Amino acid sequence: MKMTGAKMVVQALKDQGVEVVFGYPGGAVLPIYDEIFQQDDIKHILVRHEQAAVHAAEGYARSTGKVGCALVTSGPGATNAVTGLTDALMDSIPIVVLSGQVPTFMIGNDAFQEADTVGITRPCTKHNWLVKDTADLSNVIHQAFHVARSGRPGPVLVDIPKDVQFASAQYTEVKKAKTSHYQPKVKGDADAIERMVELMETAERPIFYTGGGVINSGPAASQLLREFVAATGFPITSTLMGLGAYPASGDAWLGMLGMHGLYEANLAMHDCDLMINIGARFDDRITGRVQDFSPKSRKVHIDIDPSSINKVIPVEVPIIGDVGHVLEHALNLWKARGRKVNKDGLKKWWAKIEEWRKVECLRYRNSDTVIKPQYALERLEALTKGMDRYVTTEVGQHQMWAAQFLGFEDPNRWMTSGGLGTMGYGFPASIGAQVAHPDSLVINVAGEASWLMNMQEMGTAIQFRLPVKQFILNNERLGMVRQWQQLLHGERYSHSWSEALPDFVKLAEAFGGKGIQCSDPKDLDDAIMEMIRYDGPVIFDCLVEKHENCFPMIPSGEPHNKMLLGDAQATDAIQGKGAVLV
Amino acid sequence: MSALQIKKGSSKHSAYDLRSHMSEVMERHTLAVVVDNESGVLARVIGLFSGRGYNIESLTVAEVDHQGHRSRITIVTTGTPQVIEQIKAQLQRMVPVHDVHDLTVEGQSVERELALLKVAGTGDKRVEALRLADIFRANVVDTSLESFVFEITGTSEKVDAFADLMRPLGLVEIARTGVAALSRGPQA
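Protein sequences appear in the order of chains A and B.
Residues in the first sequence are numbered from 21 upward in steps of one, following the numbering used here.
Residues in the second sequence are numbered from 3 upward in steps of one, following the numbering used here.
Since the hints were made in silico from the structure, they are not lab data.
It cannot be assumed that every hint is accurate.
[To be verified] Straight line, CA to CA, 20 angstroms or less: simulated SDA-like cross-link-like pairs of lysine to any residue:
(1) A:K331 - B:V36
(2) A:K205 - B:S25
(3) A:K331 - B:A91
(4) A:K198 - B:D101
(5) A:K198 - B:T179
(6) A:K198 - B:S25
(7) A:K205 - B:M96
(8) A:K392 - A:K566
(9) A:K198 - B:M96
(10) A:K331 - B:G49
(11) A:K319 - A:K198
(12) A:K319 - B:V36
(13) A:K205 - B:D101
(14) A:K331 - B:S52
(15) A:K331 - B:V85
(16) A:K152 - B:D38
(17) A:K331 - B:R95
(18) A:K331 - B:E40
(19) B:K160 - B:T179
(20) A:K205 - B:Q94
(21) A:K331 - B:G55
(22) A:K22 - A:K195
(23) A:K205 - B:A91
(24) A:K331 - B:T179
(25) A:K319 - B:R169
[Stated by the list, open to error] Partner residues aside, some chain B positions facing chain A, computed with beta carbon under 10 angstroms:
(26) E40
(27) Q92
(28) L167
Note that the coordinates shown come from a computational prediction; the quantities given were computed from them, not determined experimentally.
From the three backbone atoms N, C-alpha and C, an ideal C-beta is built for every residue, glycine too.
Take these sequences, add in the hints, and give me the full structure.
Okay, structure coming up:
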């Protein structure tokens, strides 16, 4: 069928199963917007900034497991998308960004709103394309979706000059599209899997260390993981990205590991004799000082991306493949070999872990007069637990507290910027998640500074009646920056306070939403319930303790067993059980 | 798979496996990368090297299969064994990359580089330049009464040696192609 390039874009998106596009129009994408106007199959969500379009697409992708899609114009539209693309690359989120470009005959002439979009986005996409001929366009879009979702997922960009949108050519259907030779391996090597199972049968102090790869592999992978953990009785910890793959209420759950992870999780990682890394990448927030990382263990690493293997930490047993495939194979093999584990070893190992748990590393000193951020999240957890809930976060202290104090029972329920650490991610991501799940409770746990970075999206939330809850832990500080300045820079608080903050209640009202402010711990439960019950966007301005630090903490460059348990426990715990650790 | 992806029958297989993965020894490897000849592909490969801080000692690229739109990029790089493995894995996962061959470990290979050298001079120096060129089997591809342009083909070391000899004899300019390399034997 012959059609214009603009029509092809819409047709290809439909054929790829796209239901929602987050975007912002401009001169170089007008033909595509004209086509969007003339159809009802694809819903377009008009954001207020292109960065938010990409983060919203990420939130949509992460909460559904589908590919997210964003549409931006040339020049500034494309450059504004760069942060979102980089964020998606670091966290392996499948998104397709379509950008307009000046007409082919003007490329290179410094035309109005021209930017070298494929040049700029080359290092922050899995792959990108500049389509110079309408005849290639539909094929390239199909290929883009294939690349975004195959192997280790990630962002791709298709740059479409305006004349290519106007010209007509033959449309290529999905099944006839050349998806190139790009076919990453999903099945793990059988010998390596057998080696892993052998190690599991004899290990005295094993641990599963899981990451976002389990979530990316799909719900079946999380199910297999749960079965494997239940059958073996091995303890399990997860990175920030992998929360929810194994339920927080599960018996074997140690909590998150890493720089602000739980004491028991980090100590277990340090002292284990068998580490099974499933879909995680030994990020520096996890390993601390690499020379001292888990010195006594043999390591297995399951990852779909060969470049993750031995990048940071050398492993004895690399298994390249999709987590779901590898776990299924391994589980069947382990069962067939007689379901063996080292029972005595495991019993002692769990006893050791129980000792670490007694440290109660998340303990904090509560207050009757001021809302502690930890308390706010504990109450949010208590009051929303069991609800059909999706949580996004911004970046900073609140993000770490959210990871520590909120429990996730299922995958795809927790969306946070892990690799890139993008302040301003959470609000648009909550919009993307809410678009995908209109009837669910979507909460963005935010800090006031991060939230202000994309606050313009209140307009989007109001326009599309997206009842996202912006739960802002307002300490009038860049809390994590302030914490590092206190601990590492001689308490010189250089530019880490939020001066001239808006009145968040009035701000919400100005946009047509609801604002709630709470400063008294006694009012907190009622205020949270009011937020949940309100049918519309809410900005919840939770005024919290201004100088609370986030603990536990592995200081940069230190190994896992050098955790700081924090000033909250300084009087009792540090002189007692924790004294040896600090 | 072993992270090394060594071909069966490779003569250096065992030695490669024996070396310490975390060794700090810098190694020099010649990689042959077969890519789709699409616009920007060279920028992708170079961007990978600069973005991740890898070294490029030499790089050559040209289309080798016009119908299949394939180009072959030959890269000489240095790094610790861990870095070399990373480079290969990072190249391998790029969408337009079809194949990555580490010619340094996949059995024996031949490497050649072509260089053009302009040597200006008269009298004894001119005669000596011509005599040395003959020893190195360099061809004269251009001449004037006070200059030659020599064409020399060989390993990079041979080109270096020839250039060093030409320097006192009036070397004014040199153009080198960088290394092209193929594995020995019948297989691709």
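Hint check results:
Among the hinted pairs, K331 of chain A with V36 of chain B is inconsistent with the structure: their alpha-carbon atoms are about 23 angstroms apart, more than 20 angstroms. Proposed proximity of K205 of chain A and S25 of chain B is contradicted: the alpha carbons are some 29 angstroms apart, above 20 angstroms. The straight-line distance between the Cα atoms of K331 of chain A and A91 of chain B is roughly 10 angstroms, inside the 20 angstroms bound, and the hint therefore holds. Annotation: proposed proximity of K198 of chain A to D101 of chain B holds, straight-line Cα distance about 19 angstroms (limit 20 angstroms).
Restraint check for K198 of chain A and T179 of chain B: not satisfied, since their Cα atoms lie roughly 35 angstroms apart, outside the 20 angstroms limit. Between K198 of chain A and S25 of chain B the alpha-carbon distance is near 42 angstroms, which puts this suggested pair outside the 20 angstroms criterion. Among the hinted pairs, K205 of chain A with M96 of chain B is consistent with the structure: their alpha-carbon atoms are about 14 angstroms apart, no more than 20 angstroms. Distance hint between K392 of chain A and K566 of chain A is fulfilled; the C-alpha atoms sit about 9 angstroms from each other, no more than 20 angstroms.
The straight-line distance between the Cα atoms of K198 of chain A and M96 of chain B is roughly 17 angstroms, inside the 20 angstroms bound, and the hint therefore holds. Proposed proximity of K331 of chain A and G49 of chain B is supported: the alpha carbons are some 19 angstroms apart, at most 20 angstroms. Restraint check for K319 of chain A and K198 of chain A: the C-alpha separation of about 39 angstroms exceeds 20 angstroms, so the hint is violated. Only pairs whose Cα atoms come within 20 angstroms are accepted, and K319 of chain A paired with V36 of chain B is rejected, the gap being roughly 33 angstroms.
For the proposed pair K205 of chain A and D101 of chain B, the alpha carbon gap of about 14 angstroms is at most 20 angstroms, so the pair holds. Restraint check: the Cα-Cα separation between K331 of chain A and S52 of chain B comes to about 17 angstroms, which is no more than 20 angstroms; the hinted pair holds. Distance hint between K331 of chain A and V85 of chain B is fulfilled; the C-alpha atoms sit about 8 angstroms from each other, no more than 20 angstroms. Restraint check for K152 of chain A and D38 of chain B: the C-alpha separation of about 17 angstroms stays at or below 20 angstroms, so the hint holds.
A distance of roughly 14 angstroms separates the Cα atoms of K331 of chain A and R95 of chain B; the hinted pair therefore holds under the 20 angstroms criterion. At most 20 angstroms may separate the alpha-carbon atoms for a hinted pair to count; K331 of chain A and E40 of chain B exceed this at roughly 29 angstroms. A hinted pair counts as satisfied when its Cα atoms are at most 20 angstroms apart, and K160 of chain B with T179 of chain B qualifies at roughly 14 angstroms. Restraint check for K205 of chain A and Q94 of chain B: satisfied, since their Cα atoms lie roughly 12 angstroms apart, inside the 20 angstroms limit.
The suggested pairing of K331 of chain A with G55 of chain B holds, with an alpha-carbon distance near 14 angstroms, which does not exceed 20 angstroms. The straight-line distance between the Cα atoms of K22 of chain A and K195 of chain A is roughly 17 angstroms, inside the 20 angstroms bound, and the hint therefore holds. Distance check on the hinted pair: K205 of chain A and A91 of chain B sit about 13 angstroms apart at the alpha-carbon level, within 20 angstroms; holds. Pair hint K331 of chain A plus T179 of chain B does not hold up; C-alpha atoms about 32 angstroms apart against a cutoff of 20 angstroms.
Taking the CA atoms of K319 of chain A and R169 of chain B, the gap is about 55 angstroms. The hint is violated against a cut of 20 angstroms. Below 10 angstroms, beta-carbon pairs count as interface contacts, and E40 of chain B has one with chain A at about 9 angstroms; its hint therefore holds. Interface hint status for Q92 of chain B: upheld, as the beta-carbon distance to the closest one in chain A is roughly 5 angstroms, under 10 angstroms. Contact between L167 of chain B and chain A, as hinted, is not supported at the beta carbon level, the nearest pair being about 42 angstroms apart and thus beyond 10 angstroms.
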